[in-house]
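Visitor: Chain by chain, the residues run as shown.
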Amino acid sequence: MSTTAVETAVSLDNALSTAIGARKQSSVEVTDYDSRQTVGKITVDHPKMICREVNVYYGEKHAIKNVGLDIGTNEVIAFIGPSGCGKSTFLRCLNRMNDTIPICRVTGQIKLDDDDVYDKSIDVVQLRARVGMVFQKPNPFPKSIYENVAYGPRIHGMVNNKTELDELVRDSLERAGLIKEVEKRLDEPGTSLSGGQQQRLCIARAIAVNPEVILMDEPCSALDPIATAKIEELIDELRENYTIVIVTHSMQQAARVSQRTAYFHLGDLIEIGDTDQIFTNPRHKLTEDYITGRFG
Amino acid sequence: MNKLKPSAAPVAPGRDIKTIVNASLKRRHAAERRFRWYGLIAIGLGLIFVALMFTNIIGKGYPAFWQAYVQVPITFDPAVIDPQGNRDPKAIETADYAALVRAGMRQLFPAVQGRLELRALYGLISSDAAYELQRQVQQNPALIGASQEVWLLTSATVDTFVKGNIDRTLDETERLVKDNQIEWIDKLLAAGKIQKQFNTVLFGNGDSREPEQAGIRGALMGSFFTLVVTFLLSFPIGVATAVYLEEFAPKNRWTDLIEVNINNLAAVPSIVFGLLGLAVFINFFGLPRSAPLVGGLVLSLMTLPVIIIAGRAALTSVPPSIREAALGMGASKLQTVGHHVLPLAMPGMLTGSIIGMARALGESAPLLMIGMVAFIVDVPKSFMDPATVLPVQIYLWSDLPERAFVERTSAAIMVLLAFMILMNGLAIVLRKRFERRW
Ligand SMILES: Nc1ncnc2c1ncn2[C@@H]1O[C@H](COP(=O)(O)OP(=O)(O)OP(=O)(O)O)[C@@H](O)[C@H]1O
Ligand SMILES: [Mg+2]
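Protein chains in written order, with our numbering: chain D, 46 to 341; chain S, 3 to 440.
Just to be clear, a hint being listed does not mean it is correct.
Partner residues aside, some chain S positions facing chain D, computed with beta carbon under 7 Å [unchecked claim]:
| # | residue |
| --- | --- |
| 1 | S323 |
| 2 | A327 |
| 3 | M331 |
| 4 | A333 |
| 5 | S334 |
| 6 | Q337 |
In case anyone wonders, no lab produced these hints; they're calculated from the structure.
As the structure is a computational prediction, the values presented were derived from the model and not from experiment.
Every residue, glycine too, gets a C-beta built ideally from N, C-alpha and C.
Extracted from the complex, chain S is given alone in its bound form:
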């Protein structure tokens, strides 16, 4: 003990601590500056890529929110719509509205003659126009016999042309719009009879083969139903599992095994869950294909481990002194957890869950396996209707060559991103709400 002499300083003679530190100070500061620069460069690069992605997507997708409409004089000819004159709904439903549209177009351009020319003229209008007239008449039978200017959806080619995405200097054979059609469109534009209006079709319709009639409503509803199932299953089960494992389960080899398995499950590629869902829910339990219910079940399998892990992390971060305080008061284990631990862990759990849900919202691979990739026109109305989801819709559209679908792909991506941002915002709001209670 006494062998150490107090004067035996470990510093070289003649150099005090000040000079030694000063010598290395420059190097240390330089290292710090370098590190900061690395960080700034990394963040800068990240921001550049995010900006590139957003400008690309928004630049491409923005036009899809507008759609070209043409104003056509329509005579709701009773002879066509209701030849019997008894307002029979059946007759009104099955009437030849396309003939009204054709008549309207002929009225716009009376000079057009000949079968081919007329076909080209009719080609300016979307086939949806006839259904639009049908809807209007069904809603308001008083229209029959009247004459009215009606805004009708143009065909996708006209829309693309109006948006300036078809080069009119190209040779006619390489163009989708022919010379005579361009002539008509120019005339209509000059007369103010073609206008770009907000694209309600995009948010009102399901998928369609005709790009101007294709919308994301079906996919949105599919995503909604799927996520509802996912949340209702994975949140309560995930929270209960996390609470049980963290607060109640004995620590032994079995719980260790379960823990390892849950951690592994979180890392399993999502497509594997799709295969599992196909084998179990569809082939074994006989649930319908393409149903949001099955999609939700599959995504729950995928989201559960994430929620459990986040939940356990949130629970362990609650200081043990709180548990001791409650137990010391004579609270039972369940009361301790329910009154004190869980409320404190809730913000963390919610954050984890919403991140898991956002991941589920963006997931497509496992849903391909269970048939949610089918071409579905009808908007799903329940958990059992065939449906697809937003990311799958994006995947489907991205495969199609038409310019209008390229636009819509980007627009759908924008909607998806908007929902992601919304969910993250919700996570932040909920977290803040819960935190303020304490």
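Chain D on its own, in the form it takes in the complex:
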């Protein structure tokens, strides 16, 4: 499974570069630079989350402008775009992490299954248990590895006794592909692990509460290629059970792990579609510039 994932990714990479080269000569209609309308189909057949007319303001600053998209069940969707375009901002709307920023204001509709995320009756505690998050910088708690993973199940009261908890912790670590490395040292502090191991620990911590959606904000940006490859494999495996939204700056990574890709630019959702199509056949000039590296 793991080798195939990487191989597929590599072959997709190659296909990507040839396709981009080929596309230059093709004559498909491409939307011009000036258009800020979203290109591509924003809906999917089995949506897990539905976002419509989402606007985010930081005080006066309009950071996300009228964005609408669906996130399909058990799919990996990648958010790409230049720095400062609002990927993280939009991602953090999905589990209301933006609530912690006092000047941040969100309008529009975001639904998780049938529940309105921004509805007054929804408790963020419940929401964040259902929509987990992995951050850009690995941020394990300064506690033992075991405690890191056990924290979520504990506060949500998901287990009845120590044996169940032990099992859950081991299972989560196993699914995060970390169990072999830490089996003997569960009592050591999580911060004593390497960067890549810490990030997988954070993923284990997130999946320990068995969320429905996992948000990942540039999870590999602090990691070397080998650690990155491990996490990408992991994402591929996790897709069977979870819906994953990943923000990335690496086009290759988006191509390797995601089924759908959304391209943001200056707060607008410029283009969204199947990853293959976005990378081989972008339909908006801005997308094309960005993925071919012509973007400033």
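With chain D held as given, fit chain S with the ligands onto it using these hints.
Guide: Relative to chain D, chain S with the ligands alone:
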């Protein structure tokens, strides 16, 4: 963009970067050396002053830990102690023990005759001696009728003389000990009947007008009760305030105002808190004067801003990524703070609190305002008993001319400093303990 020519180096021709840097290198090194010297001189000066202070205080205060005692043959005469012979506690309590002491002294020097001479002889012994005998008899009534050598406290003048602080070459009229007394003391010393023993009185007694009977126990207990009140009030309130302001309060004009006020309060002279305490706790709420409870309340007012500021600083130093991690897991705000932020901030908070407490321990001005400066003999037993505190005791004693009080002032300062060092040590230990958990 292309106007900048790559060859346009901003360096004068003929001089490369190496020579330019080398030219200034000497100056830079010299500046660095100079700065180091300034630092060393400053530290050296500081150390010299600390050393001076300590040698002065310890040199002066060290003798106070020893006290001269005289061995007197005492006959526990039943006719004096218990004339009825029925061991009535009342009679035993009120018996004339001073007469026993006097008899003992006469027995030591049978040759002394005449009222004035005898008075001088009796003057060698502290008035505490009679109470000492009373205590012994009350504890052990079997003593009645027996004869025993008893070590009794000498008067402060004898103590001072024995410690070599009275010049015997002075004219008799200018000396506190007279010629005949010196003669007796010399005889007793030669016979080994005057000895310096560890000064239990200093740690066992409250204040007294007689220097040889004055101790710091009253002040120590007063300081203890006061600090307990201060800690119990200011630590929880301070930590809760810091947590609320830093983690929960909305950032608006009101919280800004509160913040500015807290910072100002930390800079308010402590005597002002004393006046406030006098007006509010004593005059308005009618709490008793001189009580450790009121002292603790006043010192809490003074310590709170320090704890709050230290607490907030400790909280802000906790990386935000920890909060995000916990919130992202679905922890509530209180859980995030309680499980992660507060434990990480605790070492800093404890350090701040203990520094605040140490400051409170050394504070005297506000306590003067609420009457903790009174002359109090009894050792306080509760938060409501009249009491004084160590620094105030030091202040009171430093005003008295007797040599024995000068000694005791320094000794009390040593005890105070020892407690300060102890508290700082505790701060370090606690900090280390908490840090190791992570
Ligand atoms: N806390 C904040 N307060 C004010 N403005 C913010 C805040 N966070 C983000 N912004 C602004 O919102 C815009 C979008 O930021 P965001 O972090 O979402 O970008 P991003 O696409 O994730 O960028 P990057 O790829 O660099 O992480 C930026 O212009 C940024 O300056
Ligand atoms: Mg970002």
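Visitor: Determine for every hint whether it applies to the structure shown.
Guide: How the hints compare with the structure:
1. S323: OK, holds: S323 (chain S) within 7 Å of chain D, min 4 Å.
2. A327: 4 Å, holds
3. M331: 5 Å, holds
4. A333: Where the cut-off is 7 Å and the nearest Cβ of chain D is about 5 Å from A333 (chain S), the hint holds.
5. S334: 5 Å, holds
6. Q337: Check passed: Cβ of Q337 (chain S) comes within 6 Å of chain D, closer than 7 Å.
Checked against the numbered hints listed earlier, the structure breaks none of them; every hint is satisfied.
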